[in-house]
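S.K.: Listed below, chain by chain, are the residues.
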Amino acid sequence: METRHIDADILVIGGGTAGPIAAIKAKAKNPQLKVLLLDKANVKRAGAIAEGMDSVNNAIVPGYATPEQYVKEITIANDGIVNQAAINAYAVRSYAMIRELDEWGVKFEKDETGDYAVKKVHHLGAYVLPMPEGYDVKKVIFRQLRKHGVQVSNRLVTTRLLVGEGGRAAGAMALDSRSGEFAVIRARAVVLCTGAAGRLGLPSSGYLFGTYENPTNAGDGYSMAYHAGAELSGLECFQINPLIKDYNGPACAYVTGPFGGYTVNAKGERFIKSDYWSGQMMLEFWRELEGGNGPVFLKLDHLADETVTRIENVLHVTERPTRGRFHEGRGTDYRSDLVEMHISEIGLCGGHSASGVWVDEHARTTVPGLYAAGDLCNVAHNYMLGAMVYGQIAGEDAVDFIAGRDFAAFDAAQVERERERVFAPLLREDGLAPTQVEYKLRRMVNDYLQPPKVTRKMEIGLQRFAEIRADLGRLKANNPHELMRAMEVYAILDCAELAAAASLYRTESRWGLYHYRVEYEGRNDADWFAFVQVRKGADGRPECFKREVPPYLYPIDAAERDAYDRLRFEQPATV
Amino acid sequence: MSVIVNQSVVSVIVDHDKCIAGKGCRVCIDVCPTDILALDPQDGKVKMVYDECWYCLPCEHDCPTKAIHVEIPYLLR
Ligand SMILES: Cc1cc2nc3c(=O)[nH]c(=O)nc-3n(C[C@H](O)[C@H](O)[C@H](O)COP(=O)(O)OP(=O)(O)OC[C@H]3O[C@@H](n4cnc5c(N)ncnc54)[C@H](O)[C@@H]3O)c2cc1C
Ligand code: SF4
Ligand code: SF4
Numbered sequence: 001m002e003t004r005h006i007d008a009d010i011l012v013i014g015g016g017t018a019g020p021i022a023a024i025k026a027k028a029k030n031p032q033l034k035v036l037l038l039d040k041a042n043v044k045r046a047g048a049i050a051e052g053m054d055s056v057n058n059a060i061v062p063g064y065a066t067p068e069q070y071v072k073e074i075t076i077a078n079d080g081i082v083n084q085a086a087i088n089a090y091a092v093r094s095y096a097m098i099r100e101l102d103e104w105g106v107k108f109e110k111d112e113t114g115d116y117a118v119k120k121v122h123h124l125g126a127y128v129l130p131m132p133e134g135y136d137v138k139k140v141i142f143r144q145l146r147k148h149g150v151q152v153s154n155r156l157v158t159t160r161l162l163v164g165e166g167g168r169a170a171g172a173m174a175l176d177s178r179s180g181e182f183a184v185i186r187a188r189a190v191v192l193c194t195g196a197a198g199r200l201g202l203p204s205s206g207y208l209f210g211t212y213e214n215p216t217n218a219g220d221g222y223s224m225a226y227h228a229g230a231e232l233s234g235l236e237c238f239q240i241n242p243l244i245k246d247y248n249g250p251a252c253a254y255v256t257g258p259f260g261g262y263t264v265n266a267k268g269e270r271f272i273k274s275d276y277w278s279g280q281m282m283l284e285f286w287r288e289l290e291g292g293n294g295p296v297f298l299k300l301d302h303l304a305d306e307t308v309t310r311i312e313n314v315l316h317v318t319e320r321p322t323r324g325r326f327h328e329g330r331g332t333d334y335r336s337d338l339v340e341m342h343i344s345e346i347g348l349c350g351g352h353s354a355s356g357v358w359v360d361e362h363a364r365t366t367v368p369g370l371y372a373a374g375d376l377c378n379v380a381h382n383y384m385l386g387a388m389v390y391g392q393i394a395g396e397d398a399v400d401f402i403a404g405r406d407f408a409a410f411d412a413a414q415v416e417r418e419r420e421r422v423f424a425p426l427l428r429e430d431g432l433a434p435t436q437v438e439y440k441l442r443r444m445v446n447d448y449l450q451p452p453k454v455t456r457k458m459e460i461g462l463q464r465f466a467e468i469r470a471d472l473g474r475l476k477a478n479n480p481h482e483l484m485r486a487m488e489v490y491a492i493l494d495c496a497e498l499a500a501a502a503s504l505y506r507t508e509s510r511w512g513l514y515h516y517r518v519e520y521e522g523r524n525d526a527d528w529f530a531f532v533q534v535r536k537g538a539d540g541r542p543e544c545f546k547r548e549v550p551p552y553l554y555p556i557d558a559a560e561r562d563a564y565d566r567l568r569f570e571q572p573a574t575v
Numbered sequence: 001m002s003v004i005v006n007q008s009v010v011s012v013i014v015d016h017d018k019c020i021a022g023k024g025c026r027v028c029i030d031v032c033p034t035d036i037l038a039l040d041p042q043d044g045k046v047k048m049v050y051d052e053c054w055y056c057l058p059c060e061h062d063c064p065t066k067a068i069h070v071e072i073p074y075l076l077r
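Chains as they are written, first to last, in full-length UniProt numbering: chain A, 1 to 575; chain B, 1 to 77.
Simulated from the structure, these hints should not be mistaken for lab results. Heads up, some of the hints might be wrong.
Unchecked claim - DMTMM-like, lysine to aspartate or glutamate: derived pairs with alpha carbons at most 20 Å apart:
hint: 1; chain 1: B; residue 1: K66; chain 2: B; residue 2: D15
hint: 2; chain 1: A; residue 1: K44; chain 2: B; residue 2: E60
hint: 3; chain 1: A; residue 1: K440; chain 2: B; residue 2: D62
hint: 4; chain 1: A; residue 1: K44; chain 2: B; residue 2: D15
hint: 5; chain 1: A; residue 1: K139; chain 2: B; residue 2: D62
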């Protein structure tokens, strides 16, 4: 096992959506810097947007919406627990990012006059900008990476951050999943963009890689930030999405809604007013599924043939293009059949819900010199464009941070410790297959953490997780690829324990299904109008504590406050 | 410790008549996010070596000869 030593001014980890923009913007601000972008996969096709995207889910386009309206809607959709300054930092840059992507060559839907054709999908305002030809977004961004001279390194699986003097980020350590080499990368600032914890729950198909999220996103970033001493936030606010059953991809409400598609129960009745994904919406969805009114379906069979064709030209071409192949296999045609929907496995994802590594409006974590952007950070409902904008904010702020600062000195013992941890499964004679340990762990996550959350169940879950932790010392990998999978099991286990700890700590219900605790029905603002944070305690165990919600930039009226609690139709609506 | 080797359905199908890996092509191997495609030294063609497919399609879309067809993994069909 050779060790490769690499130095960079700014190290960006994760080349999906946020990462490339962070690297481009850092280089654009100071072209003299060495900016290194590394990914576990191949940056050309890495991340959630590997095959493009159906739409911008949170476009703030003048004439349709203002940053103030958007920040308020996201505040309400998240039951008030947001840092408005962080959401606003996205909102005020949203339109400029769309314009820049447009100039680079990303295609957005426009009306006859050439204006962006924004649609209303959210409960209150209009923020969805379709991208029917959005499949090229990665290619377009890759051209900019080349143009700006960003250095790219693929198939490097980062396993731990290097922590330097004063607790400052000093770089990272990584495993080359092809050669089995170990890499020690020194950097003056680090931007973490490793996406969601997408391999936390097990999809009901039982297929480990049949996840909603790109399965490369196993939760490594949460684990790395945690071990580096960073504060994580909202890990009890799970990500749970309404998806095409078994296929486990979005259907997607944001595409079909504007064309007239909607969700119905087994009786053909519409039961939710807004298909925009929120915890409250998921709670209604879950109630319908479990309450005897299921299955739940996406209904498109009432639409005109040419409308369905337009929908197919999006759903079967971008983002998850195998959706058409799946329907074909089952003989499902949107024109005559309803699409059976289901609830996804649980995950952690700031982009869709409101959890992750705590960052402020400069994308700074609580570790000096460490930034986080994209699904990994806790900027609520930030989606694709929010990932890009936070990438920009992080990249540009990192350039300022390193001015006049050299590499942080660090204790070399941490490198030796990490080398030992990483290579142990390869050196072991025999033992447990990483995929089997992963299967068991993720099944336990389903059994004990899937909402509705029950105290006793979560406590048993923690016992099971502790037993699996003891099994990590028996993991056996036969090659660098399996070694990557073994290291991912460590990260998934960290995420499971942190999610359980945060969920037990918040003794109320909030965010609809995302944190529905049966013993603590309803919101308790008197005690719990606060973020739940978790960090590594002095004893090496997760330590939970509250962090105040910063004063709002845009106050919310009492009348608007509960708008997302009124998603259910009072009378069943048959349309 | 003895182990049992599990059998999985190959869901990424490579057309051997079209695959030009023998001429040095590695495009699909390079782009696959989960890194599950590899060169089979026996026949000089590409094959799926891990049952870890996200049915996402970069391999199929980027293959210069359209040699790849991705099926939905059996458990999901
Ligand atoms: C199926 C699906 C549909 C979606 N639809 C929409 C939509 O229509 N509109 C919208 O606005 N948003 C949508 N989203 C959300 C949006 O795509 C994400 O919020 C956004 O792309 C997240 O960007 P990211 O950079 O955080 O993560 P990603 O783009 O996923 O990038 C994370 C990267 O980190 C790499 N990585 C992970 N671990 C490591 C490690 N240890 N070392 C090195 N690299 C690592 C991964 O390989 C990956 O490339 C969708 C998401 C999904 C999954
Ligand atoms: S991209 Fe196509 S031609 Fe090239 S190695 Fe893969 S299957 Fe063969
Ligand atoms: S569909 Fe995606 S995960 Fe499956 S082999 Fe092709 S590129 Fe890899």
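S.K.: For each hint, tell me whether it holds in the structure or not.
M.R.: For each hint, the structure was consulted:
1. B:K66 / B:D15: holds, 9 Å
2. A:K44 / B:E60: Distance ~14 Å between A:K44 and B:E60 Cα, so the pair holds.
3. A:K440 / B:D62: Distance of about 35 Å is beyond 20 Å: violated.
4. A:K44 / B:D15: The hint is violated at about 24 Å.
5. A:K139 / B:D62: holds, 12 Å
Consistency with the previously given hints fails for numbers 3 and 4, ordered from lowest to highest.
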